[in-house]
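Colleague: Could you put together the complete structure from these sequences and hints?
Here is how the chains run, residue by residue.
Number of protein chains: 2
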Amino acid sequence: MDTWMRFMSNDGGVVFGRVEGGYLHEYESLEQPVPTGAVLSTRALTPLAPCAPGKVVALWNNFHALAAKLDKPVPSHPLFLLKPASSVIGAGEPIRRPAGYAGKIVYEGELGIVIGRRCRNASIEEAAQAIFGYTLVNDVTAADLLNENPHFPQWCRAKGFDTFCCIGPAIVSGFAWQKAHLTTTLDGVERQNYPLADMVFSPAEQVSLISQDLTLEPGDMIACGTSVGVGSIKDGATVTVAIEGIGRLSNTLSAAGAVTAGAAAAAEASAV
Amino acid sequence: MDTWMRFMSNDGGVVFGRVEGGYLHEYESLEQPVPTGAVLSTRALTPLAPCAPGKVVALWNNFHALAAKLDKPVPSHPLFLLKPASSVIGAGEPIRRPAGYAGKIVYEGELGIVIGRRCRNASIEEAAQAIFGYTLVNDVTAADLLNENPHFPQWCRAKGFDTFCCIGPAIVSGFAWQKAHLTTTLDGVERQNYPLADMVFSPAEQVSLISQDLTLEPGDMIACGTSVGVGSIKDGATVTVAIEGIGRLSNTLSAAGAVTAGAAAAAEASAV
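Chains R and H, in that order, are what the protein sequence lines are.
The opening residue of the first sequence carries number 1 in UniProt numbering; numbering runs sequentially from there.
The opening residue of the second sequence carries number 1 in UniProt numbering; numbering runs sequentially from there.
If you are wondering where the hints come from, they were derived from the structure by calculation, not from laboratory data.
Using N, Cα and C, we set each Cβ at its ideal position, and we do this for glycine too.
Warning: the hint list may mix true and false statements.
Computed beta-carbon distance windows for the label pairs [claimed, not checked]: (1) R:ILE124 <-> H:ALA65: 42 to 50 Å; (2) H:TYR101 <-> R:MET1: 35 to 43 Å; (3) H:ALA128 <-> R:VAL14: 26 to 34 Å; (4) H:VAL189 <-> R:ASP235: 53 to 61 Å; (5) R:HIS64 <-> H:GLY236: 37 to 45 Å; (6) H:HIS64 <-> R:LYS72: 29 to 37 Å; (7) R:HIS181 <-> H:ASN193: 56 to 64 Å; (8) R:GLY37 <-> H:ASP11: 26 to 34 Å; (9) R:PRO150 <-> H:ALA102: 49 to 57 Å; (10) H:TYR101 <-> R:ASP2: 33 to 41 Å; (11) H:VAL189 <-> R:GLY236: 54 to 62 Å; (12) H:GLU28 <-> R:VAL14: 19 to 27 Å; (13) H:ASP144 <-> R:ASP198: 29 to 37 Å; (14) R:ASN193 <-> H:ALA65: 35 to 43 Å.
Modeller: Right under this line is the structure:
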């Protein structure tokens, strides 16, 4: 298992690499994981989302326990929507309530698959090889928008707002998801605790089947879907998604317009 | 009005610029439209999709005539889904039937808005300024997948396959869409002919409203939605979308596995 992170350095540049004992061993990129030879103390660096996905494929109804609770049949092919790159933030960055939206905002703790190499029509074996590693996802939804229009379910809009795809803090390669549990806490109170082994489509199956539809690129992400225990976040509350061996992803929901100047500046810098 | 195109040069590089009288006046990029001073004959260049959008926001139910035909109320906010960057192809490139899908494939001729500058919470005036120009879109759908699963409408999957977002051949800046008509022909037979003035949300309104939800980046596209006359494409048939002043966008549907070696090589090269 290796732990990979992305940081902003003091000069505003972005560095990526393997983190060990408080040091970043810099690599060219996720796509070309070749060491540059540079070793930097992580104390001098500002953490960013661990990758910059071109697209995020987000699965719906991919856990047996949730399917049973919703009384829906398990799907025969991954059911997914897309979250845009513009929705991605890293650990510690604020989730921003959309201006003009006073409704319910919902967390979903999920395992994230990070793609390491271009992937099209991949077999299960090729798909397994194309997985760079795993991260944590909080797949945020403006729940009241989803069915606001009775003629068109607004999955992409409700889940696509800026800051609505929290990922991080790290990508862990070689991670054995099969025996892991994911927990989500809301202001420290456990709300989700489910075994990843309950997935309908395994990570390699997801990558293989989705790659029959659309080409996956290095850095792209698949959010594996959530299980039972989803709930709403009040303004000011903090959601923490955790998997032992990957880490803890915490993000706080800010009321509209309530983002601090520092956080806004960091978000601006990381988006450049 | 200026006409902007993107090409592959003989050395495999990508060039972007203003086209006039058979020559490309090269510019740094769509984001930084500064002339490089280079002038190239377009005869030595291979056309590509005119931009490389990070995301494509595709509107549903944005024409009064179509809303009336579908007997749906006109929406109060743009209703959209996202098509991934991996679905984009240029004029002349083949639409590929997904392997394992024998169902109906549908064309939709649309106006495309190309974003020129980063756009977040834009007013109508700022939104109008952020539009780089307009292009043509064939928003392709694997229609039988849309409601294949009764519990989850698969908009992103049905419209997100590789090659399902045809755009081009050019971006025209300063284009007056208000008086223009869009036509779509199928193997030369006219199937759509509708006035763009029938749009529910104008281009500047679309950009402004969508930028309240998600940050639009230079090169991103909005497909403005289609009107009446949508229909299915048989394998081997050619769809041509045209607007006088922008040009003609033609793409042929290839049966699965039937893409010629040359087209596949061109697609591979343009994807690098």
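Colleague: Taking the hints in turn, state whether each one holds.
Modeller: Status of the hints after comparison with the structure:
1. R:ILE124 <-> H:ALA65: 42 to 50 Å: 47 Å, holds
2. H:TYR101 <-> R:MET1: 35 to 43 Å: Roughly 38 Å apart at Cβ, these two residues keep to the hinted range, so it holds.
3. H:ALA128 <-> R:VAL14: 26 to 34 Å: 33 Å, holds
4. H:VAL189 <-> R:ASP235: 53 to 61 Å: 56 Å, holds
5. R:HIS64 <-> H:GLY236: 37 to 45 Å: The hinted range 37 to 45 Å holds for HIS64 of chain R and GLY236 of chain H, with Cβ atoms some 43 Å apart.
6. H:HIS64 <-> R:LYS72: 29 to 37 Å: 36 Å, holds
7. R:HIS181 <-> H:ASN193: 56 to 64 Å: Distance hint for HIS181 of chain R, ASN193 of chain H holds at roughly 58 Å.
8. R:GLY37 <-> H:ASP11: 26 to 34 Å: 31 Å, holds
9. R:PRO150 <-> H:ALA102: 49 to 57 Å: For ALA102 of chain H against PRO150 of chain R, whose Cβ atoms are near 32 Å apart, the range 49 to 57 Å is violated.
10. H:TYR101 <-> R:ASP2: 33 to 41 Å: 38 Å, holds
11. H:VAL189 <-> R:GLY236: 54 to 62 Å: With a Cβ separation near 60 Å, VAL189 of chain H and GLY236 of chain R satisfy 54 to 62 Å, so the hint holds.
12. H:GLU28 <-> R:VAL14: 19 to 27 Å: For VAL14 of chain R against GLU28 of chain H, whose Cβ atoms are near 22 Å apart, the range 19 to 27 Å holds.
13. H:ASP144 <-> R:ASP198: 29 to 37 Å: Cβ of ASP144 of chain H to Cβ of ASP198 of chain R: about 30 Å, so the range 29 to 37 Å holds.
14. R:ASN193 <-> H:ALA65: 35 to 43 Å: 52 Å, violated
Against the hints set out earlier in the document, violations occur for numbers 9, 14.
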